[in-house]
Structure formats: structure tokens, C-alpha cells
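K.L.:
Each chain is listed here by its residues.
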Amino acid sequence: MAKIQFLTMVGCPICAKVKKSIEELKPEFPELKLEEIDMTTPEGQKLVQKHQIMASPGIIINGEFFSSGDVSKDKLREKFKEVFVQ
Amino acid sequence: MSKEKPHDVIIIGTGPAGMTAAVYCARKKLETLIIGQQLGGQAALSGAMENYLGFHLITGAQLIEKFHEHLEDFKEVTHRHGVEVTDIKKHKSGFRVTTKDGQHHFGKTVIVASGKIPRKLNVPGEDKYKNLGVTYCATCDAPLFPKKDVAVIGGGNSALDATLQLIKIAKKIYLINITEALGGDAVMREKVEKSKKVEILNNTKTLEILGDKFVTGIKVETEGQEKTLPVSGVFIEIGSIPSVGFIKDLVELNERNEIVIDRRNMTSVPGIFAAGDVTDVLEKQVIVAAGEGAKAAIHASEYLEKQK
Chain Y
1 MAKIQFLTMV
11 GCPICAKVKK
21 SIEELKPEFP
31 ELKLEEIDMT
41 TPEGQKLVQK
51 HQIMASPGII
61 INGEFFSSGD
71 VSKDKLREKF
81 KEVFVQ
Chain X
1 MSKEKPHDVI
11 IIGTGPAGMT
21 AAVYCARKKL
31 ETLIIGQQLG
41 GQAALSGAME
51 NYLGFHLITG
61 AQLIEKFHEH
71 LEDFKEVTHR
81 HGVEVTDIKK
91 HKSGFRVTTK
101 DGQHHFGKTV
111 IVASGKIPRK
121 LNVPGEDKYK
131 NLGVTYCATC
141 DAPLFPKKDV
151 AVIGGGNSAL
161 DATLQLIKIA
171 KKIYLINITE
181 ALGGDAVMRE
191 KVEKSKKVEI
201 LNNTKTLEIL
211 GDKFVTGIKV
221 ETEGQEKTLP
231 VSGVFIEIGS
241 IPSVGFIKDL
251 VELNERNEIV
261 IDRRNMTSVP
271 GIFAAGDVTD
281 VLEKQVIVAA
291 GEGAKAAIHA
301 SEYLEKQK
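Going down the list, the sequences are from chains Y and X.
Under my numbering, the residue at position 36 of the first sequence is numbered 36, and the numbers go up by one with no gaps.
Under my numbering, the residue at position 144 of the second sequence is numbered 144, and the numbers go up by one with no gaps.
Rather than coming from a laboratory, the hints here were simulated on the basis of the structure.
Mixed in with the good hints, there may be bad ones.
Subject to a maximum C-alpha distance of 20 Å in a straight line, what follows is the list of computed PhoX-like cross-link-like pairs (lysine-lysine) [to be verified]:
(1) K295/X with K29/X
(2) K79/Y with K20/Y
(3) K100/X with K20/Y
(4) K213/X with K19/Y
(5) K92/X with K306/X
(6) K75/Y with K28/X
(7) K213/X with K50/Y
(8) K100/X with K73/Y
(9) K148/X with K46/Y
(10) K46/Y with K147/X
(11) K147/X with K50/Y
(12) K75/Y with K100/X
(13) K5/X with K28/X
(14) K130/X with K73/Y
(15) K295/X with K306/X
(16) K81/Y with K3/Y
Coverage of chain Y stretches by chain X, computed from C-beta distances (three or more under 8 Å per stretch; other residues unrestricted) [what the hints assert, rightly or not]:
(17) 1-15
(18) 40-48
(19) 51-59
(20) 62-75
For every residue, glycine included, the Cβ atom is placed at its ideal position computed from N, Cα and C.
For reference, chain X alone in the conformation it holds in the complex (with noise of 0.2 Å):
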């Protein structure tokens, strides 16, 4: 296998973090490789933003695409979309980051701006109707749903925001809550306890998703009585888990995965730093993970400074 140089930074992850970053180095004439595998991460699946400063209103996608066309003016960053990082190594250039397809990179440094990915319900049925009406994205699938009855999971923003999506498309939507209450934020609360299109089940767990070719139905327990909902799309939007399965045996994480990083963004390897929601900062926004994105390429580019 050919061996390529080694690059001042591989950022990996392609969300507001990591392309904040890999501008940020570009313009400091660092050589830069950002890989990710969705572009916009989890910030695209995010449906109105009013919280993003210079757009009053505007869709993850959107804003996604906005970051996206800014990055792409800087010709020397070198993209690698839809590629799975699976492993990084110390290695006597810096680190060897190695791909799901066999590649390896080197890099003096890296940043790890892989955010977070989507917790999942570990009930049967839950892999096996996956993209058979099982969905983790309403963006992408609300409106394959015209017309028909589905269950949104979750009582959180995420599952708020996909019922308010799904609203305007499915006949019936079950949302299945297992607290006592649902949380988010209120105006979004609002909206959907309104809605006479939906019925928000709480204290109800979610047993069993049920099929034949397609979904079927779900099995729920609702304070220990159980009962079948026939629906044709389940939207798991339980929040999601830092996405770190290939640093975390080499770096500290919390004692939720998140990766612990200091006022420099460095992790406790010298020469990894990490931004976004995949760190163990509280505030898991996009103007926030685009500031962080920041903050690790300063730091990483004074890095690179003092080693030479």
C-alpha cells in the first residue's frame, strides 16, 4: 500500500464541528483531510433552526449545505465523505487513522468532531425492520408516511420535532413516552398536545416492533398492562450516544462516552484534540459545536507551532 504523507490535521466528522475546524485550518495553510460519513452529521436531520445568528429561520439542511459551499471555497482541504473511521493509532508521525475500506492516514495532529449518533431501542424487531418502516431520520422518511398511523418514540426536542413533522403528513401518530411527562422545549410541546392527529401515550415502554415484510405494529406497556398499536412507520428518537467507538480505548472519556477535553479542546493525548458533541461540553448546540470547531484548529495549528 502506497504511503501518503503525513497531514498537519485530519479532522474527522463533517458536522458544524469538523468543517468549522477544516476552515479554520485552511486558513491557517494547514494541510488538512477531513473524513465523515454523513455530511452535517446530526445538525442536517435537524428541522427549523431559529437559533442559528444571521438566519432567522432556517433548516439543519440548509445551514448544512451554507457551511458545506463556504469549506468547498477552500480548494487545499482534502474531503473524504461517506468513509467510516475505525481505528486511530499513535504512530512515529503522529497518528495512523485507519478507514472501514483498508486505508490509513497519517496526521500530526487530529480532531475528533465525530458527534453523536442515535441511541437505539434494543427491542426485537428493531434491526430487522430497519428501513422496513423502523427510521431514525423524519426528515428523510416522514414523508413516506402519507395517510397512515405511525408511533414516534421519545419524549425529548427530537421526538417533538419529528411528530411535528410527521403532523402534517400521517394520519394517527402514537407517541410513545416512557417518562411520566413530556419534556422539550415547550413551545414544540405546545404544538403537538394540541394536535388532535396525536396521541401521546406516557409512562408507556416500547416491547416488541412487530412485521410481517413491512412494520406492523408495535407492542407497548403502559403501567404493566400491555397492548399492540397497529402502525406502519416506528420513528426512534430517543436522543443519541457520542460516537466514539474508534478513540475510546485511547483517550479519557466521562461517564457518558463523551470525550474530556480541556480549555484547548486536547484530550488527554497530546496532539488529539476533539469539538462538538462528541466532547464532554454541556451545551450540545450548532452555534456552540461551530465555536468548539474553532477553538480545536487555534489550538491544534499552536500545536503543530511548538513541535516544530
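Here chain Y stands alone, though its shape is the one from the complex (with noise of 0.2 Å):
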């Protein structure tokens, strides 16, 4: 199972979208699960620094950067048919 890990911040409305675009698609792909954790925690600036985000979200996929900043909901979803592949 892949693990998808989504850095985020309080009031960042690019991680809004971001977000929504993800649940959207959820009925494609019904075993993403998503780990979301704030940036300004400790864990979460860790992530930050280890893989170097400098945009809001982050999205971190098993342990690999795929991108930051505001990200196309074709990106994602031909990223997830890569990572969630039958």
C-alpha cells in the first residue's frame, strides 16, 4: 500500500485545493489513504527541511518527494494510476 504523506498548513487555501482535488479522486483509487501533517510541527518541519518544500503543500509519496506548491489534478491522478498500479 503506497503512502501518501500531505504537508500542510492552517489557512493555506493552495492546500485547500490541493486537498479537494485528492478526495475527488478517491473513487479512482480506493485504497489512497492520506497522512496529512501540519508543517509547523516538529514532524512536520523535519519533512520540510529533509526534503527540501519550499511551497505549500508538500506531498510526499513512500518516502519521495513528488511535489510542492499547487499541483494539477491530472498530475496527481496520473501519478496515483503509477503508485497505485493493479
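Bring the two chains, given one by one in their own frames, into a single complex with the hints.
P.N.:
Here's what the structure looks like:
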């Protein structure tokens, strides 16, 4: 099962937009589960430093950096197809 | 492609104007579709607000959350979030609205409430380092620069707001202002000017954003003298421009590229209404945008009645 870490921030509209896109993709990828991490917590800051995330939200899939900042639903779908390959 | 039944109203924009218009349309039992790229629009990026009645102090994000919760009560409104509108054309049913994913939606009327989008600096390095140190959203990205040196570009309220957010996080903030003195609200300006973390550079132009993998600095010019400031973050806060790319050839715009509307929020094209910061209404305030959204919905409803 793929591990998706979603590094987010309270009050970040771009994070809200990307999260909504991910939620809308859930019916296509029933296995999809998000681990949401507040960037301002020590755990969040550790991941921010480790993956050199410079924009919110940050997405880490199976321990590897995928994206930071705004990302389109199409790009997410493409990546999830790769990750959740049957 | 299957063709959907025309909606009574298609609202473009999910900021205060668009969401208020949607609530008013729903209460009038109009079949409504609301399409938006970013929930809350610019208002969601605002820090603390003290001038929205009923809330003594609320952040833009919190207010938008409340608007959205309220709108969600009206289950009859169809939503499409995170979607960009690319074109509007006249159509026999009224109007055809096309989105970036190639879908067409049909509406008897349209309310444009697409707001404004951040103005770009248009200097070398800006696009290359976007999300790699260059940002247009202090609320989103300020906490990513703890104890680091950063630059804020701009001299108005949004630049002051970004600087105040960064004072709590960054080590040093260069405030790069192209004019001879900072503008914006006096209360915010005083707080910025008092901070020992902030170095204000007036009469200063940004020439280039420098970097390797990430931003490493900016090149600026003050009264003919060039220098490089080592920073890892650049917050661009130089105002905004109306988001009219999808409609600029259809409706009349003024010299600032804002949509011209009449007292009933009607544009130069009958059946297309507009509300909020995208219009030529002078007062760019959340509370005004919400009121304008209500007006646009009321007059779109009247227009539909007259068409029957």
C-alpha cells in the first residue's frame, strides 16, 4: 500500500485546493489514504527540511518527494495511476 | 460529448462575491453551477480582518470556511472546484462556458466573479524559481522560511501583511519598495517600521531573482546602484490584476482591464453579470464583494423572469 504524506498549513488556500482534488480522486483510487501533517509541527518541519519543500502543500509518496505548491488534478491522477498500479 | 441541460446561472469564481451570489441564486430556486479555481479567491490569502461585520477578528481563511459551510447548506447548487474557465461564448441557450479540461457548460445567464490574480514582477528568475523560493502567498509559505533571510517585494497592504507574518518566523526581511515611501494602512506600516528584523529599501527596483536549485538571492537597484541581497525566499506582493482572460473579447473592460458593469451588475452583454474585484467597482473589499455578489444574483434572477 502506498504511503502518501500531505504536508499542509492551517489557512493555506492552495493546500485546501490540492486536498480537494485528492479527495475527488478517491473514488478512482479506493486504496488512497492520506497522512496529513501540519508543516509547523516538529514532524512537519523535519520533513520540510529533509525534502527541501519550499511551497505549500508538500506531497511525499512512499518517502519520496513528489510535489510542492499547486499541482493539477491531472498530474495527481497520473502519479496515482503509477503508484496504485493493479 | 454528452450535453447537459442549460443551468439558469453559471457563476464563475468561488470568492466572497461568487459564493454570496450562489446562496442568493439557491434561495431563488435557480438551477446554479459555481465554478472556481481556488476556494475563497484572494480573500482566503488575507491575514487578520477586523472589518467584516459580525466578526471582531477573523482570518480570511476562517471567513471563507464559514462562507463555504453556509453555501454547502444549499445542496441544489452544483460545484466544480479547482477548475479554470478558459472561454465564454454566446450560444442559443444563452452562453457556453468552457473549462480547461475541455468540458462545456451551458447557462441562460452568467455571473463573473473571478476576482483578481497576483501581478507578476516579470523579472528573470521569477518563473524558474516559482515554488523553489518564489511565492505569492505569505499565508501558505511564510512558515517554510524559519530563521532565514527573505525579501518581500511591494509597498502596499499585501506587502505589509506578508512582512508582518514573516517577522514572527524569518531572521531578516528586506522590504523592497519601488516608490519613495511605503503605502498601506498606517497601523500595519508602523508595526513594520518598528521591527528590528525589517530593512526597508525604498526607491528600489528588483532586477533579477538568482538561484541554483533554489533561490539564493535577488539583484536590486537603488537610485542607479546595483546590489545583490542573499535571500532564500522572495515574497512577491505587488498587487493584482483582474482575472478576465476568458472573457476579455466578449464584454467591455475599462482602462484597468476591469469589467464595466451598470447599477444592476449587468455587463455590456445582456445576460452576463459581474461582481466583486473583477469589476470596475472602486471599493476592493471583502464585504463589498459579498454585497455585489448578492446584487448580481438578484438582477440575474430578474433578467431570467423577464426572458420567460
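K.L.:
Now tell me, hint by hint, if it's right for this structure.
P.N.:
Each hint, compared with the structure:
Restraint check for K295/X and K29/X: the C-alpha separation of about 16 Å stays at or below 20 Å, so the hint holds. A hinted pair counts as satisfied when its Cα atoms are at most 20 Å apart, and K79/Y with K20/Y qualifies at roughly 16 Å. Under the criterion of a C-alpha separation no larger than 20 Å, the hint pairing K100/X with K20/Y is consistent with the structure, at around 17 Å. The straight-line distance between the Cα atoms of K213/X and K19/Y is roughly 27 Å, outside the 20 Å bound, and the hint therefore fails.
Simply put, K92/X and K306/X have alpha-carbon atoms about 17 Å apart, close enough for the 20 Å limit, and the pair holds. Simply put, K75/Y and K28/X have alpha-carbon atoms about 38 Å apart, too far for the 20 Å limit, and the pair is violated. Between K213/X and K50/Y the alpha-carbon distance is near 15 Å, which keeps this suggested pair within the 20 Å criterion. Between the alpha carbons of K100/X and K73/Y the distance comes to roughly 12 Å, so the proposed pair stays at or under 20 Å and holds.
Proposed proximity of K148/X and K46/Y is supported: the alpha carbons are some 16 Å apart, at most 20 Å. A threshold of 20 Å between alpha carbons decides the hint, and for K46/Y with K147/X the separation of about 15 Å falls inside it, so the pair holds. Between K147/X and K50/Y, the direct Cα distance comes to roughly 16 Å. Compliance with the 20 Å bound is thereby established for this hinted pair. Between K75/Y and K100/X, the direct Cα distance comes to roughly 14 Å. Compliance with the 20 Å bound is thereby established for this hinted pair.
Between K5/X and K28/X the CA atoms are separated by roughly 19 Å; this keeps the pair inside 20 Å, and the hint holds. With a C-alpha separation of about 19 Å, the suggested pair K130/X and K73/Y falls inside the 20 Å cut-off, and the hint holds. About 17 Å separates the Cα atoms of K295/X and K306/X, which keeps this hinted pair within 20 Å; it holds. A distance of roughly 14 Å separates the Cα atoms of K81/Y and K3/Y; the hinted pair therefore holds under the 20 Å criterion.
Counting residues of the stretch 1-15 of chain Y whose CB lies closer than 8 Å to any CB of chain X gives 7, which reaches the minimum of 3, so the coverage claim holds. With 3 residues carrying a beta carbon less than 8 Å from a beta carbon of chain X, the stretch 40-48 of chain Y meets the three-residue requirement, and the given coverage holds. Three residues within the 8 Å Cβ limit are the bar, and the stretch 51-59 of chain Y against chain X gives 5, so the coverage statement holds. Figure legend: the stretch 62-75 of chain Y, annotated as covered by chain X; annotation consistent (5 residues with Cβ-Cβ distances under 8 Å, at least 3 required).
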